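As given, the protein sequences belong to chains A and B, one line each in that order.
If you count the first sequence from 1, position 94 lands on 94 in the numbering used here, and the numbers rise without skipping.
If you count the second sequence from 1, position 66 lands on 1066 in the numbering used here, and the numbers rise without skipping.
Calculated directly from the structure, the hints in this document are not laboratory data.
This structure is a prediction, so every number in the text was calculated from the model and none was measured.
Worth double-checking, as some hints may not be accurate.
With beta-carbon atoms standing in for the labels, derived distance ranges [unchecked claim]: (1) B:E1314 <-> A:S4: 25 to 35 Å; (2) B:R1310 <-> A:A96: 25 to 35 Å; (3) A:V109 <-> B:S1199: 28 to 38 Å; (4) B:E1230 <-> A:V5: 43 to 53 Å; (5) B:P1161 <-> A:F36: 35 to 45 Å; (6) B:D1255 <-> A:C40: 21 to 31 Å; (7) B:S1276 <-> A:R7: 30 to 40 Å; (8) B:E1061 <-> A:D116: 18 to 28 Å; (9) B:E1061 <-> A:Q72: 46 to 56 Å; (10) A:R7 <-> B:T1278: 48 to 58 Å; (11) B:R1254 <-> A:P13: 23 to 33 Å; (12) A:V109 <-> B:T1163: 34 to 44 Å.
Simulated pairs of lysine to aspartate or glutamate, EDC-like, Cα-Cα distance not exceeding 20 Å [what the hints assert, rightly or not]: (13) B:K1305 <-> B:E1165; (14) A:K54 <-> A:D84; (15) B:K1237 <-> B:E1059; (16) B:K1359 <-> B:D1281; (17) A:K11 <-> B:E1136; (18) B:K1359 <-> B:D1322; (19) A:K82 <-> B:D1252; (20) B:K1237 <-> B:D1281; (21) B:K1237 <-> B:D1036; (22) B:K1237 <-> B:E1363; (23) A:K82 <-> A:E99; (24) A:K82 <-> B:D1003; (25) A:K112 <-> A:E68; (26) B:K1237 <-> B:E1356; (27) A:K82 <-> B:E1136; (28) A:K54 <-> B:D1281; (29) A:K112 <-> A:E71; (30) A:K112 <-> B:E1136.
Just so you know, even glycine gets a beta-carbon here, dropped at the ideal spot from N, CA and C.
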Amino acid sequence: MAMSVARFWRKIPQRYNLVGTTCTRCGQCFFPPRSFCPDCRRAGNIVDYRFSGKGTVVTHTVIRTASEQFEQMTPYVLAIVKLDEGPRITAQLVCAPDEVRIGMRVRPVFRKIAADGKSGVIYYGTKYAPAE
Amino acid sequence: MRDVAVIGTGCTTFGEKWNSSFRNLFVEAGILALEDAGVAGEQIDGLYVGNMSAGRFVEQEHIGALIADYAGLASHHIPATRVEAACASGGLSFRQAVIAVASGMEDIVVAAGVEKMTDVASGASVDALAGAADREWEGFVGATFPGLYAMIATDYMNRYPLTREQLAQVAVKNHYNGARNPIAQFRQEISIDTVIKSSLVADPLRLFDCSPITDGAAAVVLAPLERAREFTDTPIKVLASAQASDTITLHDRRDISTLDATVAAGRRAFAASGLSTTDIDLVEVHDCFTIAEICAIEDLGFCRKGEAGRMTWEGATALNGDIPVNTSGGLKACGHPVGATGIKQVFEVVQQLRGEAGKRQVEGAEIGMTHNVGGTGATVAVHILGV
Ligand SMILES: [Zn+2]
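Make a model of the complete structure from these sequences and hints.
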């Protein structure tokens, strides 16, 4: 997919540090960040919010056929994780394929996500590891 | 609004068509549809074409004008518009054409769909298709399209009684139908063993749970119902056209295993036509993966949540069942040239309602439905057609 530097850099606070937003009117938390609360709409008030990153596996798979950028990493575990603050995200899990379970508690870890070819840009971001 | 009818259809064969270019494909389908309708090029008031990603697959954008040009219509300067909603591009192209005719703005309108997918390596096509989901928050972390549907399957199988064999039966049934369809990419029957012994792509989905990479094009011609008999003795009425959207990411859905956009579009289509599921004689659903057909049958209301696996296993969705599903072979066996799929579904239903479906004819079919999904359910188009 070869992303421009600016396009990746713009999302570093979110990808590295799980910075999303919250609506101070209704208390909902948003990740990825939203600048407009779908419920309070124009009456809402959006501020930055750093997520704890702790969460629970909702569903999962093991990717065995990947796109070019991820081919060398197969097989890898992919899951939807529900963060304790509410939002769900899609992320890779750092565990063996037979280890993943629905309901498993996970914590964030900082990892390499992908690279553009052998000498290209390396993308970092958040993966999740079993918490217990 | 005016009533709208389909007056002609055309479709290329589906498959890995090494000898056909992007341009050859849609010209072939377009000519077949115009000949079927008995319409001359200069009579066309408008053209809509569904196409997901010619930019990624053949590095060509500006598809509307290109198609009109190569269809020999450049000197007529007809309005030609590309419609894009990932794998639902064809369904939305059909809907735009219906709206154009119903509104009275245009009379004779062509709705087409085309995708040329085999000119790039398979890793590149996997990446292009991942663009149907959220590139920044799904694709970036390594989510493939099969991977997302696999997570629907994991969630579903954790909550409902769906067995591995029942899921495989979706593919077995669709290959049985595909074997009886002259345009299908895969024209051979398979067994449960073929599916459950094929290689894992994204657990629990295996190779034979997935629709293939396909080249193909399809086109239909629409007219106001009041003019339809000028062109054909067998006009097929458009009884309802519905569309719905939902979150782009799978993880943001209200329920991972329910496509709320399918539920919404289905309800709108039934409300608009005054019909219910028991009136439908056959339905073409979007089985990009076997689990997607299971969800579609339930979300459209043909059975309750959790029952589609048993229903499939017992044969209710087979050609001679209570509600034949994917008589064309579906995306699984007929093939899935993404932008063309929604139009091919209409092509199949029209053939069935005209009684021209040969060995896969549903006896006495009078009302048929199409269901076309973009991404993991962020866009859905549902149409009901009748004689
Ligand atoms: Zn709010």
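Right, here's what the structure says about each hint:
1. As the Cβ distance of B:E1314 to A:S4 is approximately 53 Å, the hint placing it in 25 to 35 Å is violated.
2. Look at B:R1310 against A:A96: about 33 Å separates their beta carbons, and that is inside 25 to 35 Å.
3. For the pair A:V109 and B:S1199, the supplied restraint of 28 to 38 Å holds, since their beta-carbon distance comes to about 30 Å.
4. A hinted range of 43 to 53 Å is violated for the C-beta pair B:E1230 and A:V5, which are about 59 Å apart.
5. At roughly 41 Å, the beta carbons of B:P1161 and A:F36 sit within the given window of 35 to 45 Å.
6. For B:D1255 and A:C40, the hinted distance range of 21 to 31 Å is satisfied, since their beta carbons lie about 24 Å from each other.
7. Evaluation of the 30 to 40 Å hint for B:S1276 and A:R7 yields a failure: the beta carbon distance comes to about 48 Å.
8. With their beta carbons about 23 Å apart, B:E1061 and A:D116 fall inside the hinted range of 18 to 28 Å.
9. Judged by the Cβ atoms, the range 46 to 56 Å given for B:E1061 and A:Q72 is violated: they are separated by roughly 31 Å.
10. About 51 Å separates the C-beta atoms of A:R7 and B:T1278, a value consistent with the hinted range of 48 to 58 Å.
11. Between B:R1254 and A:P13 the C-beta distance comes to about 28 Å, which sits within the given range of 23 to 33 Å.
12. Against the hinted window of 34 to 44 Å, the Cβ-Cβ separation of A:V109 and B:T1163 comes to about 36 Å, which satisfies the hint.
13. For the proposed pair B:K1305 and B:E1165, the alpha carbon gap of about 18 Å is at most 20 Å, so the pair holds.
14. Among the hinted pairs, A:K54 with A:D84 is consistent with the structure: their alpha-carbon atoms are about 6 Å apart, no more than 20 Å.
15. Of the supplied pair hints, the one linking B:K1237 and B:E1059 is violated, its CA atoms being roughly 37 Å apart against a limit of 20 Å.
16. With a C-alpha separation of about 16 Å, the suggested pair B:K1359 and B:D1281 falls inside the 20 Å cut-off, and the hint holds.
17. Restraint check: the Cα-Cα separation between A:K11 and B:E1136 comes to about 9 Å, which is no more than 20 Å; the hinted pair holds.
18. Proximity of B:K1359 to B:D1322 is assessed by CA-CA distance (about 18 Å); at most 20 Å being required, the pair is judged to hold.
19. This hinted pair checks out: A:K82 and B:D1252 have alpha carbons roughly 10 Å apart, not beyond 20 Å.
20. Between the alpha carbons of B:K1237 and B:D1281 the distance comes to roughly 15 Å, so the proposed pair stays at or under 20 Å and holds.
21. A C-alpha spacing of about 16 Å is found between B:K1237 and B:D1036, which places the hinted pair at or below 20 Å, so the restraint holds.
22. Our distance criterion of 20 Å between C-alpha atoms is met by B:K1237 and B:E1363, whose separation comes to about 19 Å.
23. A threshold of 20 Å between alpha carbons decides the hint, and for A:K82 with A:E99 the separation of about 18 Å falls inside it, so the pair holds.
24. Under the criterion of a C-alpha separation no larger than 20 Å, the hint pairing A:K82 with B:D1003 is inconsistent with the structure, at around 47 Å.
25. A C-alpha spacing of about 16 Å is found between A:K112 and A:E68, which places the hinted pair at or below 20 Å, so the restraint holds.
26. Between B:K1237 and B:E1356 the CA atoms are separated by roughly 16 Å; this keeps the pair inside 20 Å, and the hint holds.
27. With a C-alpha separation of about 18 Å, the suggested pair A:K82 and B:E1136 falls inside the 20 Å cut-off, and the hint holds.
28. For the given pair, A:K54 sits about 49 Å from B:D1281 by alpha-carbon distance, which is inconsistent with the 20 Å threshold.
29. Taking the CA atoms of A:K112 and A:E71, the gap is about 14 Å. The hint holds against a cut of 20 Å.
30. For the hint pairing A:K112 with B:E1136, the CA-to-CA distance comes to about 16 Å; that is within 20 Å, so the pair holds.
Taken one by one, the earlier hints fail for this structure at numbers 1, 4, 7, 9, 15, 24, 28, listed in ascending order.
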